[in-house]
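Novice: Build the full structure now, drawing on both the sequences and the hints.
Protein sequence lines correspond, in order, to chains H and E.
Under this note's numbering, the first residue of the first sequence carries the number 1, and numbering increases by one thereafter.
Under this note's numbering, the first residue of the second sequence carries the number 1, and numbering increases by one thereafter.
To be clear, the hints were calculated from the coordinates, so they are not data collected in a lab.
This one's a predicted model, so the numbers in the text were calculated from it and none came from an experiment.
Treat the hints with caution; some may be incorrect.
Ranges between beta-carbon positions, derived for each pair [to be verified]: (1) E/Leu264 / H/Glu146: 32 to 38 Å; (2) E/Val76 / H/Ser50: 39 to 45 Å; (3) E/Phe283 / H/Leu111: 33 to 39 Å; (4) H/Gln352 / E/Phe283: 40 to 46 Å; (5) H/Gln321 / E/Leu136: 43 to 49 Å; (6) H/Met59 / E/Leu264: 50 to 56 Å.
Just so you know, even glycine gets a beta-carbon here, dropped at the ideal spot from N, CA and C.
Given next are the chains, with one letter for each unit.
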Amino acid sequence: MKLTRQKLIQSDGAVSVLVVFLGFLVGTILVALVGKNPLNMYKAIFQALSGYNLDNGKMNIRYIGETLNYSIPFILCGLSMGFANRVGLFNIGGEGQYIMGMTIAQTVALLGPQIPVFHWVFAIACAILIGAIWGGVVGILKAKYEVSEVVSTIMLNYVALYLSRIICLQLPGATTYKTANYPDTAVITNSFFTKITNYSLLNNGIFMMIIAVLVFWFIMEKTSLGFGMRATGFNKEAARASGIPVVKSISLSMAIAGAFAGLAGGIVALGSFKYGRVLSGMDGYGFDGIAVALVGNSTALGTTLAGLLFGLLKNAQALMQGKQIPKEITFIIQGMIVIFIALRSALQLYQQYLDKKQLQREVGVK
Amino acid sequence: MSTLLGMLPSVLMIVAPILITAIGGMICEKSGVVNIALEGLMAIGACTAAAAHVLMETAGVPHTLSLFLALTMGFVVGGLFSLIHAVAAINLNADQTISGTGINLLSTGVTIFASQILFNADRTKEFMMGMQTDGLGIYPTAYIAIGIVILSWFVLYKLPFGMHLRACGEHPGAAESVGINVKKMRYFAVISSGVLAGLAGGCVVLTQTIQYTSNTINGRGFIALAAVSFGRWRPLGVTGAAFLFGTAQAFAIIANNIPALKVLPTEVFNILPYIVTLAALVFFSGKNYAPSAAGQPYEKGAS
Chain H
1 MKLTRQKLIQ
11 SDGAVSVLVV
21 FLGFLVGTIL
31 VALVGKNPLN
41 MYKAIFQALS
51 GYNLDNGKMN
61 IRYIGETLNY
71 SIPFILCGLS
81 MGFANRVGLF
91 NIGGEGQYIM
101 GMTIAQTVAL
111 LGPQIPVFHW
121 VFAIACAILI
131 GAIWGGVVGI
141 LKAKYEVSEV
151 VSTIMLNYVA
161 LYLSRIICLQ
171 LPGATTYKTA
181 NYPDTAVITN
191 SFFTKITNYS
201 LLNNGIFMMI
211 IAVLVFWFIM
221 EKTSLGFGMR
231 ATGFNKEAAR
241 ASGIPVVKSI
251 SLSMAIAGAF
261 AGLAGGIVAL
271 GSFKYGRVLS
281 GMDGYGFDGI
291 AVALVGNSTA
301 LGTTLAGLLF
311 GLLKNAQALM
321 QGKQIPKEIT
331 FIIQGMIVIF
341 IALRSALQLY
351 QQYLDKKQLQ
361 REVGVK
Chain E
1 MSTLLGMLPS
11 VLMIVAPILI
21 TAIGGMICEK
31 SGVVNIALEG
41 LMAIGACTAA
51 AAHVLMETAG
61 VPHTLSLFLA
71 LTMGFVVGGL
81 FSLIHAVAAI
91 NLNADQTISG
101 TGINLLSTGV
111 TIFASQILFN
121 ADRTKEFMMG
131 MQTDGLGIYP
141 TAYIAIGIVI
151 LSWFVLYKLP
161 FGMHLRACGE
171 HPGAAESVGI
181 NVKKMRYFAV
191 ISSGVLAGLA
201 GGCVVLTQTI
211 QYTSNTINGR
221 GFIALAAVSF
231 GRWRPLGVTG
241 AAFLFGTAQA
251 FAIIANNIPA
261 LKVLPTEVFN
271 ILPYIVTLAA
281 LVFFSGKNYA
291 PSAAGQPYEK
301 GAS
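Specialist: In structure tokens:
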């Protein structure tokens, strides 16, 4: 019994399940407290997951497609945060990297050469590149000038937002909130997916997302580059002493982290919209990506699962609103999940307390 | 020149909440706790104040009393939410960036959720009359902000209490060894930042708009965070930084009325605070002005 409890406390996966459970518990209690039926919230989530409407027994597979489509940017921004996190950095800048990726993808889509396939590939490649630059700058500032990445990424998020507005307002057909429609060669819709998911927005971005997850796993776990990065994350000084180029690790890891978020921006721009957007505020995928990575313990598999959960919640929002449940409950659940993750350090304190007790007992016996 | 002087009231209106929040953030970091939840705490304060004011207005509470109570409630609720950060950062040695991010995420949900419950909309109901300006066209929030700056300077640099608080941020172990209660000091600092951010949120909503929406705070808390770094963690420096950033924000709003500035996109002024802060952080790198123990959890008895 005791052993299993100890094992559970030390297992990251079990703790993640626990914090998600606690987040939902708080959300459920809150919904009940304001006099709504929490069951409606779970019905909405179930419908977003399976496409099956429990109230009238109708099935619409479109919901599954939308859930997957919403998950793509969450997973990619989660990978962005997670990659930096493994190197011991806190990337709050996913939002800015995402915005820059989106902006460049929109620009290339509207102004680039309209050659089939090449057009969207080029747009996505540019989105990845600008994300890498936007993140890499943070890494260089951190490694060379010791500027806290937390502060610099927050600053760059807002620089990206307003820079994006400046650029997008110059694009063809720009009004205060949108640009002209993209040419057909730029979009990444997949007619097969559109058909089988009953006209959901699910697109080719999902393949890119899967490749990104594999790339994350491969770099982190299977290359010497990833080994050096993880070593830097565990103990910077020890890594430096054993000849790992710490400055390079930090700069490169932020650039790769930025590339994931930039890709997310490109996919959303070309997959979920037919026109460029002039942002008036942030989409929030970058910030939610922080939560996704924290829930997923910054691993490839964990982040993917957590991203699917967040995509599910996002897709369930509209359904909840239809059932008189304020959709903001999902934000509360997500926020509470992150707060519970912060509080999980209490478990370590508890473990230390147990160890101390154990030691006292053993010494006392002798 | 007369245009610039004419701008002063609106600059003060924009600077005041940023300055109040930044002073709170400064006190917090001085004690050794980094609080990136300022943005979320401002939002919570703003929503509380807007909701309280509109409800009291419809209930027929006298205008001045209603404003005062609304600000007080923003103050109190901001403090309550900062307790989450305090418990996580001080008692549980949690990662301060994570708990701050958690509060920021939570605030977007809580504020709009509350509006949905209270007003059946994704924003609070509009109130009829916000704060009124005095004879010079200046809102009372400007005087509140200046008062808070002077008070914080006096407490931090002229009272033994302030020296103890700063010691907790520089070297908590040394502070503990001479009998200062580090945890208590840090609690005081985190709650100060919470109440001030809540108050500032109330100031934003009661002077600059007529209701709370998800866009009301729009990065002001992060500007305040930047002002703390750019102002090098000193009251006077933070005040200067807040004025600089506030002026840039004011320009973004009124640049359209000034022919010479019309050629520039207004977003240029929005970007300015962030670029200036980044440049300053690079420029001053190496010389460490930040409290040396900021962001690190303190464990009693650990070496």
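Novice: Taking the hints in turn, state whether each one holds.
Specialist: These are the hints, each one checked on the structure:
{"no.": "1", "hint": "E/Leu264 / H/Glu146: 32 to 38 Å", "verdict": "33 Å, holds"}
{"no.": "2", "hint": "E/Val76 / H/Ser50: 39 to 45 Å", "verdict": "44 Å, holds"}
{"no.": "3", "hint": "E/Phe283 / H/Leu111: 33 to 39 Å", "verdict": "36 Å, holds"}
{"no.": "4", "hint": "H/Gln352 / E/Phe283: 40 to 46 Å", "verdict": "42 Å, holds"}
{"no.": "5", "hint": "H/Gln321 / E/Leu136: 43 to 49 Å", "verdict": "46 Å, holds"}
{"no.": "6", "hint": "H/Met59 / E/Leu264: 50 to 56 Å", "verdict": "55 Å, holds"}
In this structure, every one of the numbered hints holds.
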